[in-house]
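Chain by chain, the residues run as shown.
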Amino acid sequence: MADHLLGRLRRLGVFADLTEPELHALTGELAEISFPEGSWVVRQGTKATGLYIIADGEAGVVIDDEERAKLTTGSFFGEVSVLLAEPPTADIVARTPLHCLVIQPEQAEEFLLGHPRVMYRMLQAEARRLKTVDPMRN
Amino acid sequence: MDNHTAQNSGPSAGLPGYLPIAEHGVIGDLHTAALIGTDGTIDWYCCPSFDSPSVFGAILDRAKGGYYRIAPATDGWTPKQLYLPDTNVLITRFLTEEGVGEVQDFMPVDSGRTATHRHRLVRRVLGVRGTMHFVMNAQPRFNYGRDEHDMFFHENGVLFRSPGISLALETPLELKPDGAGVQCHFALGPGESATFVLERVPADYVPRAYSAEVTREAFEATVTYWRNWLARSSYQGRWREMVHRSALTLKLLTHLPTGAIVAAPTTSLPELIGGSRNWDYRYTWIRDSALSLDALLRLGFTDEAAAFMGWLTKRFQEPRPAQDGPLQVIYTIDGAAELAEETLGHLEGYRGSGPVRIGNGAAGQLQLDIYGELIGSVYLYDTYGSPIHHDAWTALCKIIEWISQHWDQADEGIWEVRGGRQNFTFSRLMSWVAVDRAIRIATTRGLPADIEGWRSVRDAIYHQIMDKGWHPERHAFVQHDATDVLDASILIMPMVKFVSPEDGRWLSTLDMMSRELVSDSLVYRYNVEASPDGLDGEEGTFSMCTFWYVEALARAGRLDEARLVFEKMLTYANHLGLYSEEIGPTGEALGNFPQAFTHLALISAACCLDEELG
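Chains as they are written, first to last, in the working numbering: chain A, 243 to 380; chain B, 380 to 993.
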């Protein structure tokens with residue numbers, strides 16, 4: 243099982259800077275969770291359930307009943323509610339069978355501080371998301 | 380989406396067998412180029428430069444070379460391929476029972492901003508009619524399939540990281556791992572589009588999303604770039620679309636940062652299927668570049684000539700051993716002189732035609748003719764571009780001094796024979812051109828030169844060609860002074876104004892060539908059996924020589940014949956108007972593709988024939 247998980251981790255962009263021993267160590271810190279196609283992964287306004295990284299599959303970001311974006315393998319979601327300890331601001335729905343790695347809300351701070359290169363990658367992705375929606379740029 | 384299983388069974392299972400060489404189009408960004416088959420497969424792409432190692436090289440090995448395919452997910456489709464008019468934006472269309480869709484392939488050109496050039500290869504897929512199901516499969520194999528790579532999946536695509544280079548494939552669609560590559564299935568209705576951008580990136584890059592608007596802007600900028608470039612053409616004669624396609628192709632073979640021109644963007648496409656005459660043409664031959672400039676200058680494109688002159692001036696200034704001559708025969712596009720030839724034994728070659736070679740061993744050869752082509756193009760640039768500068772003139776005078784001392788020796792000649800040096804008539808002829816054109820420039824511009832000394836050298840070469848290059852029994856100019864074999868390179872003799880096109884010696888040579896080297900209008904370089912060139916195997920007819928034949932016929936007044944040969948030759952172009960180096964016995968394109976030699980000769984022949992026809 244650990245080897246299988248290791249194979250998934252190696253492929254994900256957020257873990258691209260980690261060495262092989264670091265990836266090994268990571269397998270003990272991450273839980274795996276699967277969702278069938280069409281199921282809700284995160285619901286707007288509920289309690290934060292974790293920081294999710296998509297290992298395989300495709301998810302939709304739904305706000306006010308409208309799908310605003312697609313998330314694919316390598317994407318992550320749930321980070322805003324985990325970092326701010328607030329309810330999620332969007333619904334996430336599995337558009338295909340979805341396989342995720344999840345970091346529990348109470349472990350997120352320790353995880354991110356313990357893996358600064360992963361945090362940097364996530365910040366980069368976050369910055370790109372901001373750039374995309376920045377009204378000054380569009 | 381039920382019928383994708385067959386496409387999913389392995390990393391290369393979705394790739395059919397070798398397409399004919401002619402079943403390809405080419406796109407480029409003036410740094411490098413990609414070949415795209417009519418089946419939607421990119422099977423040749425080197426990044427970031429023409430002579431960089433391949434990322435997609437399936438044209439040289441279907442299983443190991445790597446490819447990047449976008450095609451209908453169903454069987455039974457009909458492909459069509461065309462260029463967006465007056466551009467190098469390629470459109471591959473797919474017609475199926477369920478609908479029609481197309482892929483627009485282009486590489487944005489960042490003219491003037493080369494330091495930040497991103498080497499983007501954009502594939503924009505559009506639904507036209509009905510609902511089209513597509514499959515995209517990208518299988519990079521870095522460094523000619525010799526390097527492993529890692530894949531990292533990000534929110535907006537995947538990063539391929541190899542030891543030498545990293546590429547990002549960016550798309551909002553979900554990419555699934557497929558062996559050492561990725562794949563993606565998607566459906567498009569009328570008016571819908573999907574975009575895939577493959578771009579060179581740093582090893583730690585996070586792929587970004589390209590909006591439809593950004594993609595459309597890049598598309599429009601690329602179309603505008605090519606149309607603005609072509610609008611500078613002054614050609615108004617017959618066969619204008621073919622001439623302009625040749626010009627666009629020659630421009631694609633130029634390297635914007637340095638001004639160099641490559642002979643072709645490919646390596647080792649064979650001169651005969653199953654044969655060993657497979658060479659790497661992704662370099663700058665002084666000869667090919669000079670003749671390309673002649674062709675572009677004829678059409679009014681002077682900027683390319685100026686850029687190449689800049690590249691050339693740097694080569695003049697590099698010290699070389701006196702016996703080797705002032706210039707090497709071939710350089711890399713960056714001007715490096717080292718082109719060690721290497722065989723890639725792990726690749727089977729196009730349809731099993733090994734060996735696959737990279738580098739080029741001909742770089743170390745002595746080919747005296749290059750100075751003729753070179754100074755011939757300097758003369759044209761001086762006449763139709765801008766007057767020669769002092770530094771270039773000083774360098775040119777040194778070349779003439781060297782030729783004066785060295786013209787009378789054996790060399791490997793234009794065809795780069797590997798069977799030993801000979802006193803080739805063509806090499807003498809082009810030495811004559813070098814000295815003659817230098818005299819013309821000096822006289823026209825009033826530049827300092829040893830005109831009397833140069834004239835005596837020129838005349839000595841002339842007399843030697845008339846004495847030793849002429850074979851009295853055969854009534855023809857022959858390949859070299861120790862043979863009676865004919866050589867099609869000599870077709871250029873009246874074009875460079877060495878003899879009158881109606882001179883008796885020339886007309887009898889032309890008659891002999893028509894009998895011995897021309898087969899159904901197509902021209903062989905020489906008779907390989909009669910003139911061993913150190914290489915095994917036969918070859919096809921050489922397209923550049925056929926176009927030279929057209930010119931020779933036209934100048935000799937045999938206009939009807941010239942026109943028919945030319946029109947027949949046009950039928951050997953592929954569906955896009957592209958040519959490789961040679962044509963096989965059943966009309967198939969052979970050799971590296973597309974090839975500058977053929978396209979420059981087409982331009983020259985069209986200009987000449989159009990003028991003669993009035």
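By construction, these hints were calculated from the structure, which means they are not laboratory data.
We put the CB at the ideal spot given by N, CA and C, even for glycine.
Careful: at least some of the hints might be erroneous.
[To be verified] DEER-style ranges, computed between Cβ atoms: (1) A:Pro329 / B:Thr603: 28 to 34 Å; (2) B:Ser590 / A:Glu328: 36 to 42 Å; (3) A:Pro329 / B:Glu592: 56 to 62 Å; (4) A:Pro339 / B:Ala715: 34 to 40 Å; (5) A:Pro339 / B:Gly689: 56 to 62 Å; (6) B:Gly509 / A:Pro339: 50 to 56 Å; (7) A:Asp306 / B:Glu476: 57 to 63 Å.
[As the list claims (entries may be wrong)] To list a few chain A residues with every Cβ distance to chain B over 10 Å, as calculated: (8) Glu300; (9) His357; (10) Thr374.
[To be verified] List time: in silico BS3-like cross-link candidates among lysine-lysine, alpha-carbon distance up to 30 Å: (11) B:Lys459 / B:Lys947; (12) B:Lys777 / B:Lys847; (13) B:Lys459 / A:Lys373; (14) B:Lys847 / B:Lys947; (15) A:Lys312 / B:Lys555; (16) B:Lys847 / B:Lys876.
To see whether the hints hold, each was checked on the structure:
Range check, Pro329 of chain A to Thr603 of chain B: Cβ separation about 49 Å, and the 28 to 34 Å hint is violated. At roughly 29 Å, the beta-carbon separation of Ser590 of chain B and Glu328 of chain A lies outside the given 36 to 42 Å, and the hint is violated. For Pro329 of chain A and Glu592 of chain B, the Cβ-Cβ distance of about 33 Å falls outside the hinted range of 56 to 62 Å, so the restraint is violated. The hinted range of 34 to 40 Å is not satisfied by Pro339 of chain A and Ala715 of chain B, whose Cβ atoms lie roughly 52 Å apart.
Judged by the Cβ atoms, the range 56 to 62 Å given for Pro339 of chain A and Gly689 of chain B holds: they are separated by roughly 58 Å. Taking 50 to 56 Å as the suggested C-beta distance range, the pair Gly509 of chain B and Pro339 of chain A does not conform, at roughly 28 Å. Between Asp306 of chain A and Glu476 of chain B, the C-beta spacing of about 40 Å breaks the proposed range 57 to 63 Å. With 10 Å as the threshold on Cβ separation, the claim that Glu300 of chain A sits away from chain B is violated: the shortest Cβ distance comes to roughly 4 Å.
At the 10 Å boundary, the C-beta of His357 of chain A stays outside the reach of chain B, the nearest C-beta of that chain being 15 Å off. The Cβ of Thr374 of chain A does not lie farther than 10 Å from every Cβ of chain B; its closest approach is about 7 Å, which violates its non-interface assignment. Straight-line distance between C-alpha atoms of Lys459 of chain B and Lys947 of chain B comes to about 23 Å, which keeps the hinted pair within the 30 Å bound. For the suggested pair Lys777 of chain B and Lys847 of chain B, the alpha carbons sit about 27 Å apart, so the restraint of at most 30 Å is met.
Pair hint Lys459 of chain B plus Lys373 of chain A does not hold up; C-alpha atoms about 39 Å apart against a cutoff of 30 Å. Distance restraint check for Lys847 of chain B and Lys947 of chain B: the Cα-Cα separation of roughly 35 Å exceeds the 30 Å cut-off, and the hinted pair is therefore not satisfied. Restraint check: the Cα-Cα separation between Lys312 of chain A and Lys555 of chain B comes to about 15 Å, which is no more than 30 Å; the hinted pair holds. Simply put, Lys847 of chain B and Lys876 of chain B have alpha-carbon atoms about 19 Å apart, close enough for the 30 Å limit, and the pair holds.
Consistency with the previously given hints fails for numbers 1, 2, 3, 4, 6, 7, 8, 10, 13, 14, ordered from lowest to highest.
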